[in-house]
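Chains as they are written, first to last, in the numbering used here: chain A, 1 to 341; chain B, 342 to 908.
None of these hints come from the bench; they were simulated from the model. Computed from a predicted structure; not experimentally measured. Treat the hints with care, as some may be off.
To be verified - Below 20 Å or equal to it, Euclidean Cα-Cα: the simulated SDA-like pairs (lysine to any residue) are: (1) B:Lys835 - A:Asp41; (2) B:Lys778 - B:Gly571; (3) A:Lys253 - B:Thr363; (4) A:Lys323 - B:Ser409; (5) B:Lys653 - B:Pro664; (6) A:Lys253 - B:Ser354; (7) B:Lys835 - A:Arg272; (8) A:Lys249 - B:Lys357.
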Amino acid sequence: MPAANNLLTTTPRGLFCEAGNFYVDPWRPVDHALITHAHSDHARWGSKKYLTADTGAEVLRIRMGDKANLSFQPLGRPLTINGVTVTFFPAGHILGSAQIKIEKDGYSVVVSGDYKRNPDATCRPFEPVRCHTFITESTFGLPIYRWPDPQTVFAGINDWWRSNQQSGKTSVLLAYSLGKAQRMLAGVDATIGSIYTHGAVEKLNAGYRAAGVALPKTTRVGDLDAKATDWNQSLIVAPPSAVGGTWAKRFGKLSVAMASGWMQVRGTRRRRAMDRGFILSDHVDWDDLLRTIVETEAEQVWVTHGYSDVVVRHLREQGWDAKVVETEFTGESLEEDAEPA
Amino acid sequence: MKHFCELYWRLDSTTKTREKVTALRAYFEVAQPKDAIWAIHFLTGSRIKRLVNTRLLREWAIEQANVSAWLFEECYDRVGDLAETISLILPPQENLSAANDEDQNGNEEHALQNLIENQLTPIRDLEPDQQRQRVIELWRQFDQRQRFVLGKLMMGGFRVGVSKRLVIRALAEHTGIEAATITHRLMGQWQPTAEFYSQLVDPDENETAISKPYPFFLANPLKDDPESLGDVTDWIAEWKWDGIRAQLIRRAGETFIWSRGEDLVTDQFPEVANAASQLPDGTVLDGEILGWDEDANRPLEFSQLQRRLGRKKVGKKLLAEVPVVLLAFDLIEHEGEDIREVPLSKRQARLQKVIEALAPVTTEEPNSLFETDADLKPAAVAIRQPPGVSKKAIERWSELAEIHESSKSFRAEGLMLKRRESAYQVGRPVGDWWKWKVEPYTIDAVLIYAQRGHGRRANLYTDYTFAVWKEDQLVPFAKAYSGLTDAEMRQVDKFVRKNTNEKFGPVRSVTPELVFELAFENIQRSTRHKSGIAVRFPRISRWRHDKKPADADKLDTILSMLDAFDD
Ligand SMILES: [Zn+2]
Ligand SMILES: [Zn+2]
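Bound-form chain A, shown alone (with noise of 0.2 Å):
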């Protein structure tokens, strides 16, 4: 194995490529940066220079502002990098989000970022690459953790829509304004009614309809005339910290519901004092990242994200040489309100 384990390597600031002179997803400034995608755990602010896959190039504009210096490369065309090859691989999590593999002398490393396996009309599937030590998060890394058909899902979200149309209550969906709320939007019934939005997920649907991804028509609350409007006919779609400040009064009697792998259990749905919780999630299942794990035929697995300890050792039962990488990535948090991965 040569270059196996100086190939990437934690630093305080983030995986590190030494040989290229590069750093994947650092959470501190640097000087090159190669982003997974553009939620806020993994494109942080500060650095001189972004290198993404190109079909996130308008969500990471949005998110990082006009004054960063982003470059973009397609998907599957590699790229040398200081004699290393880099390659961007679909990582199915959000809209342009990507597996970035590593290659230098025969050895490969690819980056998972975070990604999932079931369909999401908003992305590119994911596609399993093969290489030598593979870097999954591990956000959903229990067997508790098994996500519905997101087709029943999404019966689900029409049905619950339906029903508040009839008792006048206006229905307001929670979910991350970028990545989930989009998947929401082109997976509801849009003939139900109006779609209206939060300014936070408005932005970012820009980025999608310009990217090319086909969206209902959607209006941002703030454009419309709050006596005019007949809310409780209509969808609205928020990040979570929308609710409970004066943002939401305006709609009058509502029924909140969160769209999250983390209504998977009822502790948290209970918490978090929703009406409804939709389990979607734009992370892997338990099985699935079993079952990813294997389809990259690995060495070696390095896990961050979440349960990694849990994961990790479970893989080390089954006969896998398995380590934890610690990293500052959240994952689909339920405590950050502001706008997490």
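With the hints as your guide, set chain B with the ligands onto chain A.
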């Protein structure tokens, strides 16, 4: 089972009373009597005996899910509920349609009554091997949510977020029968049969009229200064007890004791019911049931009284260890007549006569229960008037304030202030009855351990252990779970994750950095605690962002409070 599971999850997903009642009504509309009565059985707090050892259920789930035992435990730690953990970890349901064709097209196999009586109950008597086979078969037929309910049934720990009162209210709305009638019909022992259900919803109500209680008159918390209430002599002050508010009814030779939740608790307090047999027919008393320490002449700790609650039968030992009394503070029916409009001062005068007739009082000082001289004690009759707050008439609010301060030494929570001329009203109208509670004690303490919550807080570190200074050491002195807002809890959770020093199973020790003000109701000496003290009802009253660990209180400060409790 399908309808019942739907009901379970609807009840579980809302905290709104109205929505719960709506869900219950919707269930009663579609359920067959034989199934509905089983639902009522569970929803009103009855259980079936555990069918299968939980250790075995766990083993079979681990085997079916094909995971290691430690991994199952990790999941359990995350979920916080065994039945739910099992329901989530098992492989997905095989035959999707099976559990969904019940009771509409005559397929009875999964109807609640059939499931319980013919499929679940027989499991108890099987050999473990056969049990295993039956349980795994059942698991395969149901989806995750149904498995959860099934698990609760099998473990005998079925609990739903709904009170008996709400079930009764929904049944009353569904049938048009008065809630008090249904409450009465549900008292005592009954079997969950279709026949019993038809008696329960029988529209002929006459038979139950004699048990009917009056709606309770409830007090509002006093937020302003008591001076704002005007002349102190217009008010009657009573101790505010921490017991069970109860209405005692004696009519037609029968006794009924109702708790405020409209539960019939007659059988739980036989000594009170016995004493009531001396009362004349047509008497209704309002009062507080308390565990009573005759020697110290004051209530027992509430935790003692708690041992008496929720039992079908009270054993002799418990009766001797925790004797209870009804401290009657109001008379609302006298000689068969509703006297709620009579002014309080006159009702209480009549009450005194009724109580005196029960058993002659042995001293001239009926209101001095707290005197320690044994000769002054009244005879041990389980229905009494409460001890007064003062032997002499109160003329100034300042005198009352002093008495109020001393509440804790009488194991009272504070004072009740009732307008002398007040009628006995319905519900919680503002103006005539106030509860003036004593402020809880507070201490500033440092967070040193955290543990994930259970149930609704299973993914957050919300169960905390706090410490105070003993010389230069932080010693743990209280655990507290409540008091923070959700946002604060998330902040603390984040802090815990970033500042963990050690993990002991589910517990993490954290860098002592955060200071909180804890409030509590009472302190006792304890040899079981490292700090030497135990506090009751500790809760977080606020996060002291302005304080550093060094500013936290010393154990000595708490010990000096302890002295204040030892009267
Ligand atoms: Zn992430
Ligand atoms: Zn992400």
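Hints, one by one, checked against the model:
1. B:Lys835 - A:Asp41: holds, 15 Å
2. B:Lys778 - B:Gly571: holds, 19 Å
3. A:Lys253 - B:Thr363: holds, 17 Å
4. A:Lys323 - B:Ser409: Given that 20 Å is the threshold and the Cα spacing comes to 19 Å, the pair holds.
5. B:Lys653 - B:Pro664: The given pair, whose Cα atoms are some 16 Å apart, holds under the 20 Å limit.
6. A:Lys253 - B:Ser354: Between A:Lys253 and B:Ser354 the Cα gap is close to 17 Å, so the pair holds against 20 Å.
7. B:Lys835 - A:Arg272: Holds, because 17 Å separates the two Cα atoms, which is no more than 20 Å.
8. A:Lys249 - B:Lys357: holds, 19 Å
Hint compliance for this structure: no hint is broken.
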